[in-house]
Amino acid sequence: MAHDYRRPTGGRIDRNRKLRFHFNGKPYDGFEGDTLASALIANGVSVTARSFKYHRPRGIVGSGVEEPASLVELEGADASANNQITTVAIRSGLRAKSVNCWPSAEFDLGAINQLFARLIPAGFYYKTFKWPSWHLFEPIIRRAAGLAAAPSDPPAHGHFEARHAHADVLIAGAGPSGLMAALVAGRAGARVFLADEATEAGGSLLSRTLQIDGRPAMDWVADAVAELAMMDNVTHLQNATVWAYREHNLVVVNERKPDHGALLERSWRVRARKVICATGAIERAMVFANNDRPGVMLVSAVQTYVNRYAAIPGNRAVVFTNNDSAYAAAADMAAAGISIAAIVDCRDSVSARNLEQVAGIEVLAGHVVTAAKGRKRIRAVTVSRRDGGTAREIRCDLLAHSGGWNPAVHLFSQSRGTLRYDPTIACFVPDVPAQPTLSVGAATGRMTLADALRTGAEAGSEAASACGFDSGPCDVPESDDIAYTIEPLWRVDTPGPSGKAFLDIQNDVSVDDVLLALREGYSNVEHVKRYTTGGMGIDQGKTGNINIIGTIAQHHGVNLRDVGTTTFRSPYTPVSFGAIAGLREESVLFPYRHTPITAWNQANGAVMYEAGARWRRPGYFPREGESFQDTVNRECRAVRERVGVYDGSPLGTFELKGRDVARFLDFIYTNVMSNLKPGNGRYGLMLSDDGLILDDGVAFRIDEHRWVVSTSTGHADAIHQHMEKILQTLRPDWQVYVTTVTSQWNNATVCGPKAREVMTALGTSIDLSPESFPFMSFRDGTVAGLPARVMRVSFTGELSYEVNVAPRHMRMLWDRVMKAGASFDIEPVGSEASHVLRVEKGFLSLGHEVDGTVDPYDLGMSWVMSKTKADFLGKRSVDLRRQGSRRRRELVGLLPLDPNRAIPEGAPLTPGGRKEATEGVTTACVWSVVQNRWVGLGLIENGRTRHGETAYARLKDGAIPAIITAPVFHDLEGERLRS
Amino acid sequence: MQNYSILSLARNAVCSHRNWRQAWRSPPLKDRYDVIVIGAGGHGLATAYYLAKEFGITGVAVVERGWLGGGNIARNTVTIRSNYMRDESIPFYVKSVAMFEGLTRELNFNMMHSKRTMVDVVQTYPKMRELRRRQLTMDIYGATYEQISTAELRRRIPALTGGGADARLPIIGGMVHTDAAVNRHDAVAWGYARAADARGVEIHQQTAVKALIRDGQGAIEGVETNRGTIRARKVVVAVSGHTTSVTETAGLRLPLRTMNLTAFVSEPVKPLVDVIVNCPDSGFYFSQSDKGEMVIGGAPDMGQSFRRDIKQHVFEDTVSAMLSLFPAFKKLKLMRQWGGHLDIAHDASPIMSKTDVEGLFVTAGWWGGYKAIPAGGLTLAHLVAKGAPHPLMAPFTLDRFRHLDFIMESGTTTAR
Ligand SMILES: Cc1cc2nc3c(=O)[nH]c(=O)nc-3n(C[C@H](O)[C@H](O)[C@H](O)COP(=O)(O)OP(=O)(O)OC[C@H]3O[C@@H](n4cnc5c(N)ncnc54)[C@H](O)[C@@H]3O)c2cc1C
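Line by line, the protein sequences are chains A and B. The numbering used here puts the first residue of the first sequence at 1, with every later residue one more than the last. The numbering used here puts the first residue of the second sequence at 1, with every later residue one more than the last.
Read the hints as simulated data drawn from the structure, not as lab findings. Check before you lean on any hint, since a few could be wrong.
[Stated by the list, open to error] Quick list of the computed label-pair ranges, beta carbon to beta carbon:
1. B:R155 / A:R663: 55 to 63 Å
2. A:L730 / B:G228: 14 to 22 Å
3. B:T144 / A:Q744: 43 to 51 Å
4. A:E704 / B:Q147: 51 to 59 Å
5. B:N226 / A:R706: 24 to 32 Å
6. A:E356 / B:R11: 54 to 62 Å
7. A:L115 / B:N226: 44 to 52 Å
8. B:R18 / A:R385: 20 to 28 Å
9. A:A806 / B:P170: 28 to 36 Å
10. B:R155 / A:T9: 58 to 66 Å
11. B:D356 / A:T868: 30 to 38 Å
All C-beta atoms in this analysis are idealised placements derived from N, C-alpha and C, irrespective of residue type, glycine included.
Here chain A stands alone, though its shape is the one from the complex (with noise of 0.2 Å):
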């Protein structure tokens, strides 16, 4: 039949315009403006998908983010997997397929399934597909599922981004009511954020042929949409759809392509006083036999397409409705020149304004459609009185129909507010708000525009009002279009085997599976949903989701408000991963921290690597020819013979200031520190409230009320915390300022038994003697003409200066000691060598010895834990961990029998070597220069007492012996750190 699809004149389109577009592999002609579904319609295609489970053919059915049946998957440089038809716009050059069917939507050879459904309902593959083993079965259902394929790159142009704002008002849906809301709101002066999926403001006024103060809607649409642009303190963006309602009135709003340019989505995460909720109402589907034939559409659809779209979905229509809303349709349909056999309304009766509308066309009130005829395209319908009586077959190639209207409630129920069931329109409403949330127009429920303008207003006005903005009186534009009344049908029950009847046509999940859930005892709206998968398709059963809860109610016998809804969850409609990112990726996410040095390590090969606390820093610096072993033995001897410097600059440094910070110290630290002396500092170990070691690190102090505390690197942030949490909760009352000073100080730390003589060749106005400048003191003064504060402090156990200067001297000081060491061989040191010989003198490391299970006593620091403090944090736990009964793991070296053999870190110790329960593990293992062989250090039960015996570490195949020991393996006393 030759026929145009496409109106002569009208509709949205810019018919200058014309945009070549492949579908199926198949090109068509479209307009700017038109989406892939209008395009479509206008080329005359039915058969735009397949289904999920029985590879039935479908076609269009909405026209927006409702669409169930559907979904494309698009190709080459917009490539996305799973679009509703309805939501992509086309341009040229676009390609787009059908997900779900193989070899074509036209003949797809998994519709084989539908030979099969009676052996598939609801739920089957529980009760099936166990024998021998659901691995044989898993691999072709994964492939049967899953819709269309992921995007297989990255999208080869363009970026995504993110933004903040804050709002007085944000208002969602810029349909009249939030139009209203939003020129109220800006009027009065606050910022008002209007945001709209749609590529157009003015909703459902896009779709539909009414007036606003006397003229066409969309004129006044226009308007507004000038007004709001003229006004500073408006923010009014379209293709920006508010996909999440969070806590604290945080709302997330996606806009796809702003500026058309290489920006492909942009997150906005806007932070409101107020949130209207203007989101408009989606509507319902009618059940019955094979509802989901291509040519069986929503009315609104099709309204939508006759009219903003200029697009001819059929010749020939039934309509068929249990509500007013869809006479208008009608009108406008016939309007469009489509004959419409008949209205089929539920209703016994129908109201003369209704019937005004629609005069000449028949109208079979109390009827309804029972069934639609055709494959691929519908060909008639059956209707039938509604108490039964026989049947009458109509012929039409378009079916439209209507089961009311949803509100979209879905943001305000993100939001947590409260949902009600009103029973004179059928459709749950906002009930209590959670947040600082209006709702208005048709997602309330009220269907008239003259309700969505007023309600739009008021809104707008109590919420600027609200944020201190006066709106002043405000006069709403007449408007007229006819009240709403319904009454619901939530499917027509058919005798006999007349077909599927649909009530979510993405999963395919019909009225039997309902039914069959609800006979298995599978009673709960919640348990129905997941027995049948119905409302978890990507539409999220927006069309569906009604009469699901509609027919569990018939079910038990009970009231819709008992039954109740599915939880809404964000998002609204889904949002790519890449926009919610925006642009943070990896060192967006993790940046890096440096030190000043940077640059001067890799020059001088330094090999970088993450260690802790998002620090990159030099591992090794390896030299022509070496082994990483050697590598690491020529640092460690340069420390150990000569000397070496590190930049300990990564090390957590506070800066502790105020009346209070000696006791706070007394409480966070075991031991005692508020009888140091100023210049002088002390280490000391933290536990958290449990009893367990949570830091180490030094305290000095500068003077009375000032000190400058430092802990481990990969600690530095959670301690911060700790401290904080301690003076905002514990002790709120205590002065005590905490200022982190990681990188307000650079060092370089000279270490080594000629770290002196160094010094002394870099000039310093420090006296270095021992004697006035002790281990565990600080100085401040000049090196090598460099304002310093030099502290002595020894993480590898020799004679060390820490050289702290501000970070803008830290490559100058650098330079300087690499030249003034240059005649005692100096060698800079990495992590590595760090590593083995903080492990040769039994220095702690947290992630090695400290791993979350250990006290001081297990350490042997029992000196540490002071005897004459009343109390400090963790000492009533590690007082109570120490009466029971349990043996500790303790700290002690490991001399593996083998010295060339080194224990793997982390290998467990177990009885004997054997297989069986752990009595401990290897912290740490590495050559030790100084030893000449492999050391290391482990916990193990009892430990100290067990020195001289032989531990055993179990691998894979096997056991590595090793001697227990005392845990330091270089100068037991400590002379060469103090000297």
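With chain A held as given, fit chain B with the ligand onto it using these hints.
Coordinates of chain B with the ligand only, in the frame set by chain A:
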């Protein structure tokens, strides 16, 4: 119990599936039972099932304030694994993983158990050291964990195209846990419910416990619900996330904190990733469900909370981390997200125990407790029936808190 098989399906197809029986009954609520289990989640239902099956105790009522299987079991990301750190934990989870493998047969309900191995993507040396430590300890208990090269890692996960040599966190290798599996969480709840019901256990939905009732001696006497008082001398609290709110009605405080953990799924796509991918250094993990969705999880929200809201910044961090390693997922779409609350003990190990209240038992602290449902149910039933702990769960009683002898598993919070 009605048998489920291809044959019974065929037989029922003939009569349009009209003859399937209820998977579980909705019996009238009695005022007395031998045992009341509070919470029809995985642990509650499994405990009830094993009480009936292994110990012949059938006078059991499971009371559930919402719908059965609607708590965390409905929200979790179904990662089943045994790569734990401590001697106490590993054998328990090894047992649970093994029980899961046989559960489809045991319950005559297809769990769609898919043993697809978990692959850890390692990006830092400390993490590699920690996982190797796990590996050698796990080996003692027969759990598999093997180190693989970066090349092998990429072969197993072709979609893993990020993390190259120039990346912010280059991949340095991987670990493979072949015992790991995923399955269908609803099926676990329903399967246990059906099988327990068939053995006489009563499941009462929409029955919320308001308070525990103690007798004059302080022993447990029953529970107060919205449907009236129900009595029993033994009460099991299996309410994951809400444990403290229930036990405090009996004056019992427990060393637990409640936190929010969220997860999300992508749109369904054709098979792309065959293993469970865990990226501990980046802070996310995922697997692809049989329906094709990527089921993705990340780090928990900071701090304690009884709310289930999504924290946008936590969520964005997880997504951003995922895109750093899987850049092709940029055009993949988020379809659904949600949260659940879990309670966690100081050492992140579970608590399965008697309490100071005679007759009151708890199973709690299930931070990643989906995988533990079979073994947790079995061993708790043992405790309830015999009064003494099953050897596999003996380390997990409340006794360990008397002297704070923790079983530290807190290093394990990435892959649930
Ligand atoms: C996002 C997320 C991801 C996770 N991923 C994994 C994973 O991959 N692997 C894994 O092993 N674990 C995972 N978990 C953890 C796992 O879900 C839980 O540890 C486990 O489900 C808890 O046990 P349950 O099934 O018994 O709990 P639930 O299913 O929560 O059962 C508790 C039940 O008690 C009911 N209840 C509460 N209060 C009352 C009352 N007063 N009266 C009556 N009934 C009450 C609740 O309604 C609920 O049904 C995850 C958790 C979350 C939230």
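That 44 to 52 Å hint for A:L115 and B:N226 (C-beta), does it hold up? 49 Å Cβ-Cβ, so the 44 to 52 Å window holds.
Given a hint of 30 to 38 Å, does the C-beta separation of B:D356 and A:T868 actually sit inside it? Given about 36 Å between the Cβ atoms, the range holds.
Tell me if the beta carbons of A:E704 and B:Q147 are separated by a distance inside 51 to 59 Å. For A:E704 and B:Q147 the Cβ distance comes to about 54 Å; the hint holds.
Given a hint of 28 to 36 Å, does the C-beta separation of A:A806 and B:P170 actually sit inside it? 32 Å, holds
A:R385 and B:R18 - C-beta distance against the hinted 20 to 28 Å: Holds - the Cβ-Cβ distance for B:R18 and A:R385, about 27 Å, lies within 20 to 28 Å.
Outcome of range test on Cβ distance (B:R155, A:R663; 55 to 63 Å): 59 Å, holds
Please test the hint of 58 to 66 Å on the beta carbon pair from B:R155 and A:T9. 60 Å Cβ-Cβ, so the 58 to 66 Å window holds.
For the hint 43 to 51 Å, verify it against the beta carbon of B:T144 and that of A:Q744. 49 Å, holds
Between the beta carbons of A:L730 and B:G228, is the distance compatible with 14 to 22 Å? 44 Å, violated
Range hint 54 to 62 Å (beta carbons of A:E356 and B:R11) holds or violated: 57 Å, holds
Go ahead and decide if the range 24 to 32 Å is satisfied by the Cβ distance of B:N226 to A:R706. 60 Å, violated
Violated hints, listed in ascending order, are 2 and 5; each of the other numbered hints is respected by the structure.
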